[in-house]
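For reference, the chains in residue letters:
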Amino acid sequence: MSWHRTWLFARRTMKEIMRDPVNLFFGLAFLMLLLWALSLIYKQVGQIPGAATISSDELAAAIAAYAPVFVSLFSGMLIAKDRTSSFLARLFASPMTAADFILGYSLPMLVVALAQSLVTFLFARLFGASDRRAHVAWGDCGFADGAHVHGDKPAVRHADEQQGRGWCVRRDAHDNRVHSLRGHGADPDHGVDIPGYREGITVLQCRAVRCSGRWGRLRENLASFMDRDCVCRGVLACRSHRVRSAQTQCEPVVAGIPEEYMQGRDITIWAPHSRHMAM
Amino acid sequence: MAQGEIFALLGVNGAGKTTTISMLCGLTKPTSGNAYLLGESILADAKRIKPQINLSPQETAVAPNLSIAENLRLIAGIYGQTVRQAKASAQQALDEFGLTAVATQKAHTLSGGMQRRLSIAMGLITNPKILFLDEPTVGLDVFARRELWNVIKGLKGQVTILLTTHYLEEVEALADRIAIMVAGRIIAVGTLAELKKQSGEDSLEDAFVKLAGGNNELA
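Top line first, the protein sequences correspond to chains G and Z. Each residue of the first sequence is one higher than the one before, counting from 1 in my numbering. Each residue of the second sequence is one higher than the one before, counting from 1001 in my numbering.
Honestly, the hints are just simulated from the structure, not real lab data. Note that the Cβ used here is the ideal one computed from N, Cα and C, for glycine as well. Mixed in with the good hints there might be a few duds.
[To be verified] Here are the simulated DMTMM-like pairs of lysine to aspartate or glutamate, each with C-alpha atoms no more than 25 angstroms apart in a straight line: (1) Lys-15/G to Glu-1070/Z; (2) Lys-1153/Z to Glu-1135/Z; (3) Lys-1196/Z to Glu-1169/Z; (4) Lys-1106/Z to Asp-20/G; (5) Lys-81/G to Glu-1059/Z.
[As the list claims (entries may be wrong)] Simulated restraints, written as ranges between beta carbons of each label pair: (6) Ala-115/G to Thr-1109/Z: 23 to 29 angstroms; (7) Lys-1087/Z to Ser-2/G: 14 to 20 angstroms; (8) Thr-84/G to Asn-1034/Z: 28 to 34 angstroms; (9) Ser-2/G to Pro-1030/Z: 25 to 31 angstroms.
Could you put together the complete structure from these sequences and hints?
Here you go:
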């Protein structure tokens, strides 16, 4: 094996891939389009109360993992092209060794795969930003005055999966006092009766809870919730969606932790990227 | 084969011309027997032979998305030339084969004739002692073919060339000696005059038909 030959052949492979517009489209542009399209789709899905959705980070990771499929396609096409044009026969007659061929074909593919992942995650950042905007919009249920809720304390959205209803609570950014309520779905737009909320009350907010130690990582605020008495509790749940532990996060605690959030219970997760999800 | 001669392997389709070249270049292992190139066995000394030979296959065999100069530099580098040497060799080949004007063009944009010319230039850039040309003019129009013949004629005496073809006029125009191949066996070897004399015919075509056809009948 000769590193000089391998390097020359790898450079040639890279040039062949990068100079083919079809490869460029499917290797880079298509992934961005896919990311953009799926972000839009999941943004819409996130509007549906109770619908399972996926964060842009997870989406980017999925697409980055999918991208090497195209790389294997490119390498297969290139080798086939080299065979049919007898370019490979010319190289077989040269002093190139098997290792030169294998590395010369595969190293550029590795570089392309890494570049695809990088581009995918960079673009995901853009869509991630739009996700955050969407999140605010998600909390903004279209209050009549057209005001937008922004910052770290957007409007709280509740959903009742069983009854197919959803509603929003608009809070003051400074004192968390509820200003107005709005419902949609099965509820009428006016005169909503939202459990736990009425104008003028102060909403307490659950602190993010995290798994630690052997339980692994937590989806932040995976199952923080508020009950109708405005008592806040946090439920710690890991990726398995199984409650590992449950604890109260703020006072006053009027009631204990509901049975459905006791340790070992499976919970249904919706809109896991929401920072103010209520269940 | 003598040093510097153009030796033509003549045969009908499927006669075994390309297989012979494949075996001599180390692409296919012979089922039996051996052959010697430059005194080295193709079975035992392939590593020593390969840097000294080059092949221009039946198809154009160029990297389509590389420029003409890049194709030449790639092959020169693969055969061990340094970057500087490869650059100089590529420039020399571009000049010799009249490719300078299209040096920066991608290979796939060239006409069939120009691609063939590039293919042969890629075969010669490594200064091989033996060059294998497998049906170099197949699929070319008459002008491109004549042009390529001139290129190959210009190599006579400098490089030993083994040329396979089934075009009789090509053999007449280029070859110093001719071997007629039928079903994987060489049935006659000699100069054009010797083959005509051997067959008792006046033209190469008649001589070929008589020698090759006669053998087929016997087979």
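*Within a Cα-Cα threshold of 25 angstroms, do Lys-1196/Z and Glu-1169/Z meet the stated pairing?*
Holds, at roughly 14 angstroms.
_Would the hint linking Lys-81/G and Glu-1059/Z be met if the CA-CA limit is 25 angstroms?_
Given that 25 angstroms is the threshold and the Cα spacing comes to 12 angstroms, the pair holds.
*25 angstroms limit on alpha-carbon distance, applied to hinted pair Lys-1106/Z and Asp-20/G*: Answer holds: Lys-1106/Z to Asp-20/G is near 11 angstroms, not above 25 angstroms.
*Do the Cβ positions of Thr-84/G and Asn-1034/Z conform to the proposed distance bound of 28 to 34 angstroms?*
With a Cβ separation near 31 angstroms, Thr-84/G and Asn-1034/Z satisfy 28 to 34 angstroms, so the hint holds.
*Determine whether the Cβ-Cβ distance between Lys-1087/Z and Ser-2/G falls within the hinted range of 14 to 20 angstroms.*
holds, 19 angstroms
*Does 25 to 31 angstroms hold as the CB distance between Ser-2/G and Pro-1030/Z, or does it fail?*
holds, 27 angstroms
*Is the hinted pair Lys-15/G and Glu-1070/Z satisfied, with a Cα-Cα distance of at most 25 angstroms?*
Answer holds: Lys-15/G to Glu-1070/Z is near 10 angstroms, not above 25 angstroms.
_Check whether the Cα positions of Lys-1153/Z and Glu-1135/Z lie no farther apart than 25 angstroms._
holds, 15 angstroms
*Evaluate the given range 23 to 29 angstroms for the C-beta pair formed by Ala-115/G and Thr-1109/Z.*
Since Ala-115/G and Thr-1109/Z have Cβ atoms about 27 angstroms apart, the given range 23 to 29 angstroms holds.
This entry satisfies every hint, going by the numbered hints stated previously.
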